[in-house]
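Visitor: Chain by chain, the residues:
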Amino acid sequence: MMPNPVILVLADDDKDDCLFFKDALEELPLTAKLTTVHDGEQLMKLLIDNSVAPPPPHVLFLDLNMPRKNGFEVLAELKLDEKLKYLPVIIFSTSYEPDVANLLYKKGAQYYIRKPADFSQLKKVIYQALLLATEDNSAQPAKENFVLKGDLEAIPS
Amino acid sequence: MKTVKMTTPPSMVPMEALPAIKKDFRSVKKLDRQVITNKELAFQSNEKADRIAELTIAKKELAFQNKEKAKRAAELSIANKELAFQNDEKEKRAAELGIANKELAYQDGEKEKRAAELSIANKELAFQNKEKEKRAAELSIANKELAFQNDQKEKRAEELVVANKELAYQNQVKEKRAAELVIANEELAFQNKEKEKRAAELNIANIELAYQNDEKEKRAAELSIANEELAFQNEEKEKRAAESRLANKELAFQNKEKEKRAAELSIANRELAFQNDQKEKRAMELDIANKELAVQNQVKEKRAAELNIANIELAFQNHEKEKRAAELNIANIELAYQNEEKEKRAAELSIANEELAFQNNEKEKRAEELIVANKELAFQNDEKEKRAAELIVANKELAFQNNEKEKRAEELSIANKELLAFTYVSSHDLQEPLRKIQTFVSRIRDTESANLTEKGKEFFCRIQESSKRMQTLIEDLLAFSRVNTAERIFVTTDLQSIIEEVEAELKESIEEKHAIVEVKEVCPINVIRFQFRQLMLNLIGNALKFSHPQVPPRIVITCKNQTGRELNNEKLSLEKKYCHIRISDNGIGFEPKFAERIFEVFQKLHDKEEYAGTGIGLAIVKKIVENHNGIITATGELHKGARFDIYIPA
Numbered sequence: 001m002m003p004n005p006v007i008l009v010l011a012d013d014d015k016d017d018c019l020f021f022k023d024a025l026e027e028l029p030l031t032a033k034l035t036t037v038h039d040g041e042q043l044m045k046l047l048i049d050n051s052v053a054p055p056p057p058h059v060l061f062l063d064l065n066m067p068r069k070n071g072f073e074v075l076a077e078l079k080l081d082e083k084l085k086y087l088p089v090i091i092f093s094t095s096y097e098p099d100v101a102n103l104l105y106k107k108g109a110q111y112y113i114r115k116p117a118d119f120s121q122l123k124k125v126i127y128q129a130l131l132l133a134t135e136d137n138s139a140q141p142a143k144e145n146f147v148l149k150g151d152l153e154a155i156p157s
Numbered sequence: 001m002k003t004v005k006m007t008t009p010p011s012m013v014p015m016e017a018l019p020a021i022k023k024d025f026r027s028v029k030k031l032d033r034q035v036i037t038n039k040e041l042a043f044q045s046n047e048k049a050d051r052i053a054e055l056t057i058a059k060k061e062l063a064f065q066n067k068e069k070a071k072r073a074a075e076l077s078i079a080n081k082e083l084a085f086q087n088d089e090k091e092k093r094a095a096e097l098g099i100a101n102k103e104l105a106y107q108d109g110e111k112e113k114r115a116a117e118l119s120i121a122n123k124e125l126a127f128q129n130k131e132k133e134k135r136a137a138e139l140s141i142a143n144k145e146l147a148f149q150n151d152q153k154e155k156r157a158e159e160l161v162v163a164n165k166e167l168a169y170q171n172q173v174k175e176k177r178a179a180e181l182v183i184a185n186e187e188l189a190f191q192n193k194e195k196e197k198r199a200a201e202l203n204i205a206n207i208e209l210a211y212q213n214d215e216k217e218k219r220a221a222e223l224s225i226a227n228e229e230l231a232f233q234n235e236e237k238e239k240r241a242a243e244s245r246l247a248n249k250e251l252a253f254q255n256k257e258k259e260k261r262a263a264e265l266s267i268a269n270r271e272l273a274f275q276n277d278q279k280e281k282r283a284m285e286l287d288i289a290n291k292e293l294a295v296q297n298q299v300k301e302k303r304a305a306e307l308n309i310a311n312i313e314l315a316f317q318n319h320e321k322e323k324r325a326a327e328l329n330i331a332n333i334e335l336a337y338q339n340e341e342k343e344k345r346a347a348e349l350s351i352a353n354e355e356l357a358f359q360n361n362e363k364e365k366r367a368e369e370l371i372v373a374n375k376e377l378a379f380q381n382d383e384k385e386k387r388a389a390e391l392i393v394a395n396k397e398l399a400f401q402n403n404e405k406e407k408r409a410e411e412l413s414i415a416n417k418e419l420l421a422f423t424y425v426s427s428h429d430l431q432e433p434l435r436k437i438q439t440f441v442s443r444i445r446d447t448e449s450a451n452l453t454e455k456g457k458e459f460f461c462r463i464q465e466s467s468k469r470m471q472t473l474i475e476d477l478l479a480f481s482r483v484n485t486a487e488r489i490f491v492t493t494d495l496q497s498i499i500e501e502v503e504a505e506l507k508e509s510i511e512e513k514h515a516i517v518e519v520k521e522v523c524p525i526n527v528i529r530f531q532f533r534q535l536m537l538n539l540i541g542n543a544l545k546f547s548h549p550q551v552p553p554r555i556v557i558t559c560k561n562q563t564g565r566e567l568n569n570e571k572l573s574l575e576k577k578y579c580h581i582r583i584s585d586n587g588i589g590f591e592p593k594f595a596e597r598i599f600e601v602f603q604k605l606h607d608k609e610e611y612a613g614t615g616i617g618l619a620i621v622k623k624i625v626e627n628h629n630g631i632i633t634a635t636g637e638l639h640k641g642a643r644f645d646i647y648i649p650a
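Chains as they are written, first to last, in the working numbering: chain A, 1 to 157; chain B, 1 to 650.
The following block holds chain A by itself, in its conformation from the complex:
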């Protein structure tokens, strides 16, 4: 069951993408508390402060190409942190490179979303990611299920 509200952090330096994400989230049938940061350093600061002052986020959506500290560095740091290493990390990137995706899977990312061009598709894939990542048993999926396509029948209204 999805927590209510589901607490999310989005790390993305692109303001348009942040807007799309926020709008998509608002149109989904769930209650969410979204915090947005625009670079890796801000993100780490937030997560570490959060670990002192709850509530910690349920899911992190992480862009790869960010200023100051990129998504790869963030992922590596999170996986070394005793408390933060269990935070599901969903890669949220414009591009898709098989090699890069393989590497991220190895480093422990939970899912990989290639930002869709279609807004309704964006909603679907965010919803799918939240459903999967907030399941009780949120272990890393099999590799062939690593990349999310938003292939849902429909979003319940």
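No lab work stands behind these hints: they were computed from the structure.
Errors might be hidden in some of the hints.
[To be verified] Below 30 Å or equal to it, Euclidean Cα-Cα: the simulated DSSO-like pairs (lysine-lysine) are:
| id | chain 1 | residue 1 | chain 2 | residue 2 |
| --- | --- | --- | --- | --- |
| 1 | A | K149 | A | K22 |
| 2 | B | K513 | A | K143 |
| 3 | B | K260 | B | K281 |
| 4 | B | K81 | B | K71 |
| 5 | A | K79 | A | K143 |
| 6 | B | K396 | B | K407 |
| 7 | B | K457 | A | K22 |
| 8 | B | K640 | B | K560 |
| 9 | A | K143 | B | K545 |
| 10 | B | K545 | A | K149 |
| 11 | A | K33 | B | K436 |
| 12 | A | K22 | B | K468 |
| 13 | B | K436 | A | K107 |
| 14 | B | K507 | A | K143 |
| 15 | A | K107 | B | K417 |
| 16 | B | K436 | A | K45 |
| 17 | A | K15 | B | K436 |
| 18 | B | K468 | A | K149 |
| 19 | B | K436 | A | K149 |
| 20 | B | K281 | B | K256 |
| 21 | A | K107 | A | K33 |
| 22 | B | K468 | A | K15 |
| 23 | B | K436 | A | K143 |
| 24 | B | K132 | B | K571 |
| 25 | A | K149 | A | K33 |
| 26 | B | K468 | A | K143 |
| 27 | B | K513 | A | K149 |
| 28 | B | K81 | B | K67 |
| 29 | B | K457 | B | K468 |
| 30 | B | K436 | A | K69 |
| 31 | A | K69 | B | K417 |
[To be verified] Label-pair restraints from in silico Cβ distances:
| id | chain 1 | residue 1 | chain 2 | residue 2 | range |
| --- | --- | --- | --- | --- | --- |
| 32 | B | H639 | A | P29 | 50 to 60 Å |
| 33 | A | P29 | B | P592 | 51 to 61 Å |
| 34 | B | V551 | A | T31 | 51 to 61 Å |
All C-beta atoms, glycine included, are put in the ideal place defined by N, C-alpha and C.
Take the given structure of chain A and dock chain B to it, following the hints.
Guide: Then chain B, alone, in the frame of chain A:
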């Protein structure tokens, strides 16, 4: 008109005559003028008569001409009427021609348009052909040049190798010879030592001989002294023998004297006998005295005998001494002979020494020659080392040039990579703004369409289509540059697993078109796996895309190892083994003339409304095959299907 000239110079006329002459001169002038005027008037009268006659003739001619003109005017009138009729006819015909011309002009316009279009198309084709030929020629030249450079390098490398071998051989020979010379030198040194030893021995032998000679001379001297002594002793003995003989003679004489005395005594005896008779007593005494004398004689005789024996002995001794002297003489002769022999031998030894010295000289000479030869060899070695050094320098230079070329090749490679990386990065970065445009458009379509006119909606649809197409183009470009830049790791894998992955990826399209993908034969292949996956994806994807609308696609894939000989393709080496992968379909195929062109980037045979695509897919396929050092051929027949044959080294 005549003019009177002053012909007399003024100086010839006296001054007082001048006024009279002037007066005369004026009257003459006046006369002259009248004559002239008269003549002129006569001439004018003549001219006028002539002109009147001419005018009469001209008037007659004009009258004739006027008549002619009246005739001609009548004729012209008739002709004009005829012309007017003809002009009417012509205008009619001109009108007809005008219509025909317009039609022709229209047709020409059409033809020109078409010709212009054809001309443009031809020019374009010609330009493309030229470009291709140029590029082919450039490539051919570049290949030839490279081949030539490689040849030159190989030649030069071979020459250098040969030269090196020769040098090595010469060095070996020289080292051998040097070693032989060293041995020869050592031998010579050994022989010299031996000779020196022998010379030393000979020297010692000479010294010994000299010593022996000395000794012999000493002994000879001693023997000579001994001989002299013996001679002296002999002389002494002879003297003594002579003295003995004298003594003997004296004794004999004494004996004779005694005999004489004995005779005298006998006489005396007789006398004495008488006297004896007389003196018997005294005789008796005398007898006793005689007896005593006899004893004395006997003693003396004994002594003579002894002396005689001593003489005999002396003679014997003399004889012995003579013998010994003769023997000594012989020994002397022998010694002299031996001395001579020794001298001879010494002379021989001296000669032998000289010869040895000569030989030593010769050997020294030869040693010098050998030293010279050694120096020359050393010089030659130096020269060869120099040349070797030069060759090394030349080699270094070649190596340097090679390095430079490699550097340049590397630089070009780097530049190429940079270019590809640029393509990659730019394509990569283009994705983001494009995606955002698409997202915004999708949001307008979803939420704002009520506020849009139909036209506005249509324009947004067009934006979306163009964006989608641009997205595909960028993705294909990315795939193309990825094929060029990504790491190439060859692994041995089986084609079946790759095909299964591709089938999974194309699942929707396969199901939608009811396609059958049939894998008939498979064998292990050694490939860059992700690239080969892309290759199979593109080829199977193409087979699905270019299928007959009514016929379910059937794609047949085979894979087997074959030798170049079995494969019958001139680009393959006969003896080499190849993995031959064939993908054939029953789609729309293509005209055989496009078999090469379909592999070029952005080459398409269909317009994008009919069959979507960017014209990059087969270029990627070809690039991947080339990355595997293989070749790909396409065979097609319009409406019957296409077949792709891939040959990669097994």
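Visitor: Each of the hints needs a verdict: does it hold here or not?
Guide: Going down the list of hints, with the structure as the test:
With a CA separation close to 19 Å, the supplied pair K149(A) and K22(A) stays within the 30 Å bound. In summary, the hint linking K513(B) to K143(A) is supported, as the alpha carbons are separated by about 29 Å, within the 30 Å threshold. Distance hint between K260(B) and K281(B) is fulfilled; the C-alpha atoms sit about 24 Å from each other, no more than 30 Å. For the proposed pair K81(B) and K71(B), the alpha carbon gap of about 16 Å is at most 30 Å, so the pair holds.
At roughly 18 Å between alpha-carbon atoms, K79(A) and K143(A) fall within 30 Å of each other, so this suggested pair holds. At most 30 Å may separate the alpha-carbon atoms for a hinted pair to count; K396(B) and K407(B) meet this at roughly 15 Å. Distance restraint check for K457(B) and K22(A): the Cα-Cα separation of roughly 26 Å lies within the 30 Å cut-off, and the hinted pair is therefore satisfied. For the hint pairing K640(B) with K560(B), the CA-to-CA distance comes to about 24 Å; that is within 30 Å, so the pair holds.
With a CA separation close to 29 Å, the supplied pair K143(A) and K545(B) stays within the 30 Å bound. Pair hint K545(B) plus K149(A) holds up; C-alpha atoms about 23 Å apart against a cutoff of 30 Å. For the hint linking K33(A) to K436(B), the alpha-carbon distance of about 24 Å falls within 30 Å, and the restraint holds. With a C-alpha separation of about 24 Å, the suggested pairing of K22(A) with K468(B) holds against the 30 Å cut-off.
In summary, the hint linking K436(B) to K107(A) is supported, as the alpha carbons are separated by about 29 Å, within the 30 Å threshold. As the CA atoms of K507(B) and K143(A) are separated by approximately 19 Å, the hinted pair is consistent with the 30 Å bound. As the CA atoms of K107(A) and K417(B) are separated by approximately 29 Å, the hinted pair is consistent with the 30 Å bound. In summary, the hint linking K436(B) to K45(A) is supported, as the alpha carbons are separated by about 29 Å, within the 30 Å threshold.
Simply put, K15(A) and K436(B) have alpha-carbon atoms about 11 Å apart, close enough for the 30 Å limit, and the pair holds. With a CA separation close to 17 Å, the supplied pair K468(B) and K149(A) stays within the 30 Å bound. Restraint check for K436(B) and K149(A): the C-alpha separation of about 18 Å stays at or below 30 Å, so the hint holds. For the hint pairing K281(B) with K256(B), the CA-to-CA distance comes to about 28 Å; that is within 30 Å, so the pair holds.
A hinted pair counts as satisfied when its Cα atoms are at most 30 Å apart, and K107(A) with K33(A) qualifies at roughly 27 Å. Under the criterion of a C-alpha separation no larger than 30 Å, the hint pairing K468(B) with K15(A) is consistent with the structure, at around 23 Å. With a C-alpha separation of about 28 Å, the suggested pair K436(B) and K143(A) falls inside the 30 Å cut-off, and the hint holds. At roughly 20 Å between alpha-carbon atoms, K132(B) and K571(B) fall within 30 Å of each other, so this suggested pair holds.
Pair hint K149(A) plus K33(A) holds up; C-alpha atoms about 24 Å apart against a cutoff of 30 Å. Our distance criterion of 30 Å between C-alpha atoms is met by K468(B) and K143(A), whose separation comes to about 28 Å. For the suggested pair K513(B) and K149(A), the alpha carbons sit about 22 Å apart, so the restraint of at most 30 Å is met. The suggested pairing of K81(B) with K67(B) holds, with an alpha-carbon distance near 22 Å, which does not exceed 30 Å.
Between K457(B) and K468(B) the alpha-carbon distance is near 16 Å, which keeps this suggested pair within the 30 Å criterion. A C-alpha spacing of about 23 Å is found between K436(B) and K69(A), which places the hinted pair at or below 30 Å, so the restraint holds. With a CA separation close to 27 Å, the supplied pair K69(A) and K417(B) stays within the 30 Å bound. Checking the proposed 50 to 60 Å range against H639(B) and P29(A) shows it holds: the Cβ atoms sit about 52 Å from each other.
The given range of 51 to 61 Å is respected by P29(A) and P592(B), whose C-beta atoms sit roughly 58 Å from each other. At roughly 53 Å, the beta-carbon separation of V551(B) and T31(A) lies within the given 51 to 61 Å, and the hint holds.
Of the numbered hints listed earlier, not one is contradicted by the structure.
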